[in-house]
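Q: Mind docking chain Z on chain V? Use the hints.
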Amino acid sequence: MLLVLVRAVKGPTVIDRLVAINVIGTKSIVLLLFAGILFGQLEMFVDIALGYGLLNYIVSIAASRYYQHRNSLEPEHSPGENPVS
Amino acid sequence: MDYLGYILISTGLLFFLGTTIGLLRFPDFYTRMHAAGKGDTLSTVMILIGCICLVPMGLLLALKILLIINFIFIGSPTATHAMMDAGNKAGATPWRKDSK
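Protein sequences, first through last, are from chains V and Z.
Going by numbering that gives the first Met the number 0, the first residue of the first sequence is number 0, and it counts up by one from there.
Going by numbering that gives the first Met the number 0, the first residue of the second sequence is number 0, and it counts up by one from there.
This is chain V alone, in the form it adopts within the complex (with noise of 0.2 Å):
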């Protein structure tokens, strides 16, 4: 998971950094249902697993529609605007 982030942190491209967030929330999934069994409470950590899955779902695809859209990996940087993303 840490070297995931590594990839995360550095990767070249936007959608590098996409990608490895997207493991990262898996990885969370299982870390989620590893700690309900240590803590002995499965019941109410495998509701929040299911939640996490969801939303981590949700905000891949929007973030993959909105670069869809834009047609350009590179964040903008024009002086008088604020730089998007």
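What the hints contain is simulated information worked out from the structure, not anything from laboratory work.
Keep in mind that a hint or two might mislead.
Which chain Z residues stay away from chain V? Per the calculated CB distances, all over 10 Å, these [what the hints assert, rightly or not]: (1) D1; (2) Y2; (3) I6; (4) S9; (5) T10; (6) L13; (7) F28; (8) R31; (9) D39; (10) C52; (11) K63; (12) L66; (13) I67; (14) I71; (15) M82; (16) P93.
In silico DSS-like cross-links for lysine-lysine, where the CA-CA straight-line distance does not exceed 30 Å [said to hold, decoys possible]: (17) Z:K96 with Z:K37; (18) Z:K63 with V:K26; (19) Z:K96 with Z:K63; (20) Z:K88 with V:K26; (21) Z:K37 with V:K26; (22) Z:K63 with Z:K37.
A quick note: this is a predicted structure, and the numbers were derived from the prediction, not measured.
Heads up, the beta-carbon is just placed ideally off N, CA and C, and yes, glycines get one too.
A: Same frame as chain V, but now just chain Z:
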């Protein structure tokens, strides 16, 4: 049943390691997406089924975990496909042997 759970969780962790190494060492965006999409889905499904086999739990809880498995199995390749389409539209160039 216990041994099946141990074997499934160990194999899933191995696939997680493969996903991480592939994500770190592949040269291109598309190949990284290949490693991330497949290894992530398979290893998550394996570890969750191993948890069902290993930990004693009720039927409703097992059904909830099966719901998570079903959702990941459908949602993760869809998200991967959407991200790859976005990268293709945005003009990420594929890696060739003579580049670099």
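Q: If a hint holds in the structure, say so; if it does not, say that too.
A: Evaluation of the provided hints:
With 10 Å as the threshold on Cβ separation, the claim that D1 (chain Z) sits away from chain V holds: the shortest Cβ distance comes to roughly 14 Å. For Y2 (chain Z), the non-interface assignment is confirmed: its Cβ lies about 18 Å from the closest Cβ of chain V, beyond the 10 Å cut-off. The beta carbon of I6 (chain Z) is kept farther than 10 Å from every beta carbon of chain V, the shortest such distance being approximately 17 Å. Residue placement check: S9 (chain Z) keeps its beta carbon more than 10 Å from all beta carbons of chain V (closest about 14 Å).
Every beta carbon of chain V lies more than 10 Å from that of T10 (chain Z), the smallest distance being close to 13 Å; the non-interface claim holds. The claim that L13 (chain Z) is not at the interface with chain V holds, since no C-beta of that chain comes within 10 Å of its own (minimum 14 Å). Under the 10 Å C-beta cut-off, the non-interface status given to F28 (chain Z) relative to chain V is violated; the minimum distance is some 6 Å. Listed as outside the interface, R31 (chain Z) is inconsistent with that label: its C-beta sits roughly 6 Å from the nearest C-beta of chain V, within the 10 Å cut-off.
Look at D39 (chain Z): its CB is around 5 Å from the nearest CB on chain V, not clear of 10 Å, so calling it non-interface is violated. Separation of C52 (chain Z) from chain V is adequate, the least Cβ-Cβ distance of about 13 Å exceeding the 10 Å criterion. For K63 (chain Z), the non-interface assignment is contradicted: its Cβ lies about 5 Å from the closest Cβ of chain V, within the 10 Å cut-off. The beta carbon of L66 (chain Z) sits about 7 Å from the closest Cβ of chain V, which is not more than 10 Å, so the claim that it is off the interface is violated.
I67 (chain Z), annotated as away from the interface, has a beta carbon of chain V within 10 Å; the closest lies near 5 Å. For I71 (chain Z), the requirement that its beta carbon stay farther than 10 Å from each beta carbon of chain V is not met, with the minimum near 6 Å. The claim that M82 (chain Z) lies off the interface is violated: its Cβ sits roughly 4 Å from the closest Cβ of chain V, which falls inside the 10 Å cut-off. Every beta carbon of chain V lies more than 10 Å from that of P93 (chain Z), the smallest distance being close to 13 Å; the non-interface claim holds.
Taking the CA atoms of K96 (chain Z) and K37 (chain Z), the gap is about 23 Å. The hint holds against a cut of 30 Å. With a C-alpha separation of about 18 Å, the suggested pairing of K63 (chain Z) with K26 (chain V) holds against the 30 Å cut-off. A distance of roughly 46 Å separates the Cα atoms of K96 (chain Z) and K63 (chain Z); the hinted pair therefore is violated under the 30 Å criterion. Among the hinted pairs, K88 (chain Z) with K26 (chain V) is consistent with the structure: their alpha-carbon atoms are about 28 Å apart, no more than 30 Å.
For the hint pairing K37 (chain Z) with K26 (chain V), the CA-to-CA distance comes to about 13 Å; that is within 30 Å, so the pair holds. Of the supplied pair hints, the one linking K63 (chain Z) and K37 (chain Z) holds, its CA atoms being roughly 23 Å apart against a limit of 30 Å.
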